[in-house]
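Using UniProt numbering, the first residue of the sequence shown is number 1, and each one after it goes up by one.
Among the hints, a few may not be true.
DSSO-like, lysine-lysine: derived pairs with alpha carbons at most 30 Å apart [unchecked claim]: (1) Lys-103 with Lys-179; (2) Lys-102 with Lys-208; (3) Lys-262 with Lys-231; (4) Lys-289 with Lys-112; (5) Lys-255 with Lys-270; (6) Lys-145 with Lys-103; (7) Lys-262 with Lys-289; (8) Lys-255 with Lys-145; (9) Lys-111 with Lys-289; (10) Lys-112 with Lys-123; (11) Lys-111 with Lys-179; (12) Lys-270 with Lys-145; (13) Lys-255 with Lys-200; (14) Lys-179 with Lys-215; (15) Lys-266 with Lys-232; (16) Lys-255 with Lys-179; (17) Lys-179 with Lys-112; (18) Lys-289 with Lys-123; (19) Lys-289 with Lys-215; (20) Lys-232 with Lys-255; (21) Lys-255 with Lys-289; (22) Lys-123 with Lys-255; (23) Lys-179 with Lys-200; (24) Lys-270 with Lys-200; (25) Lys-262 with Lys-145; (26) Lys-179 with Lys-270; (27) Lys-145 with Lys-102; (28) Lys-270 with Lys-103; (29) Lys-179 with Lys-289; (30) Lys-102 with Lys-179; (31) Lys-262 with Lys-123; (32) Lys-232 with Lys-179; (33) Lys-179 with Lys-208; (34) Lys-369 with Lys-417; (35) Lys-231 with Lys-200; (36) Lys-369 with Lys-431; (37) Lys-266 with Lys-255.
Bear in mind the hints are in silico, worked out from the structure with no lab data behind them.
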Amino acid sequence: MELSLSNTSSLRFPQNDFLSLHNCSRPGSFHSFSNKKLASKSISLWRPLIWRQPHLVRLEAQTAIESNASGDKHGDDDFIVEDVPHLTDFLPDLPSYTNPLKKSQAYAIVKKTFVSPEDMVAKEIIVQKDSPRGIHFRRAGPREKVFFTPEEVCACIVTCGGLCPGINTVIREIVCGLKNMYGVDDVLGIQGGYSGFYSKNTLNLTTKVVNDIHKRGGTFLQTSRGGHDTKKIVDNIQDRGINQVYIIGGDGTQKGAAAIYKEVEKRGIKVAVAGIPKTIDNDIAVIDKSFGFDTAVEEAQRAINAAHVEAESVQNGVGIVKLMGRYSGFIAMLATLGNRDVDCCLIPESPFYLEGPGGLYEYVEQQLKENRHVLIVLAEGAGQEYVAQSMQAFQEKDASGNRLLLDVGLWLTQNIKDHFTNVRKMTINMKYIDPTYMIRAIPSNASDNIYCTLLAQSAVHGAMAGFTGFTVGPVNSRHAYIPINRVTETTNTVNMTGRMWARLLASTNQPSFVNHQTVRERVDKETIDAINNMKINST
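I would like the entire structure built from these sequences, with the hints used as guidance.
As structure tokens, then:
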């Protein structure tokens, strides 16, 4: 058998020849293999493995061709690893050290303390008999060897972007993880987001300082949007002697983290850059969910319940609740499913219309006649095109580059009131609740606290092991190290032909709105056909 290295961007293994990853020149690099089937054959590498962004290399085995010839259906199946950078990629002579966890009393009870370099996490777990094995990410967790001694570590933590429940928990657990697991004492807090690197003072973070910050909302370190100047930031990192950077933030923040890593690599300095993805909207790709999302869905119930009580307590009561969701309607969808009193849920992914057969006005009037009240939940990004047209507004953006949203809640409230008062000659009682900032500002619940702890500890383990330019998160319930570009290249949105949205439509009995001409112009034919034919795929 002969293995060849090509310049393509993925690391592939034939399905029948799973390769063990031992005795590597860097942690987890694929230079030698312990598979007995392979060992019995002649293996030659055409050139050494060179790991550079996006750190994906393709290994093609001649046995795949041979197995095809013999009729083996799995011969062409691939095992693709999307790996993350490592400090030894540009600092090959870095020494490694024994992980201090070997002497940890807490970890002494763990049967297998350290993650094997062979451990990978599959991106897709729903497969069929003859399907390829697909994309995998490196499993997160402690490694047997680390590339920092506790005494040399000077870590820093920065929070950027909007608020979200759980930020303080992540900060706390990074500090406590570095101290309690690795004996690191020198941790700095960068105040005020990216601009804090070069315009503000830092805080010395100890376990005592952060002891109870998880009980508070917001961010202990303060935050801001924008302010990213890569060269100034890396200059400051060098000046302060920082060698581990933990960056908590959303899409734009993670892009900034990638830029910092690139500049660090260019300068050839020993600095590990770890990202912890943050967005209350749950719109980050690849990972199962973002921290703070469960808390947001739970807290939204209070607003929905209040609106329901208000609406059902008066004649022709119409309750409207606006929730977060700039581009993705996950909070509104899950809050609706978790409540069961909601009659209609409007999200950015599902365009709607007001007038005509099957429109929102018709549905609201039907609910008022049958139940004498109606309850609507909408995400802040829903119906923005209608609001912009009516207000003749221009598309403006904030410092992070996000589109500034118009208040669709007030717009919808006024339009429903005007329609039923002036056109239908009906008296209705409107009750509008906007709890968005209240939800963002609360502390995380128990479930999110546990999740934040796992994220923080995984980031600490990765940085100590020398990985850099990565973000961390659960993929199919297993925490993994993910290349930053994978979580920033696209936005996670609600699948309009998925089962979860179908469950919501079944719960609310609301119209799908897809048969109106205005909506058809925004929705592709495949989606319309799937909904009309009830071809619901799993999601």
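### Task
Starting from the hint list further up, note which numbers the structure goes against and sort them upward.
none
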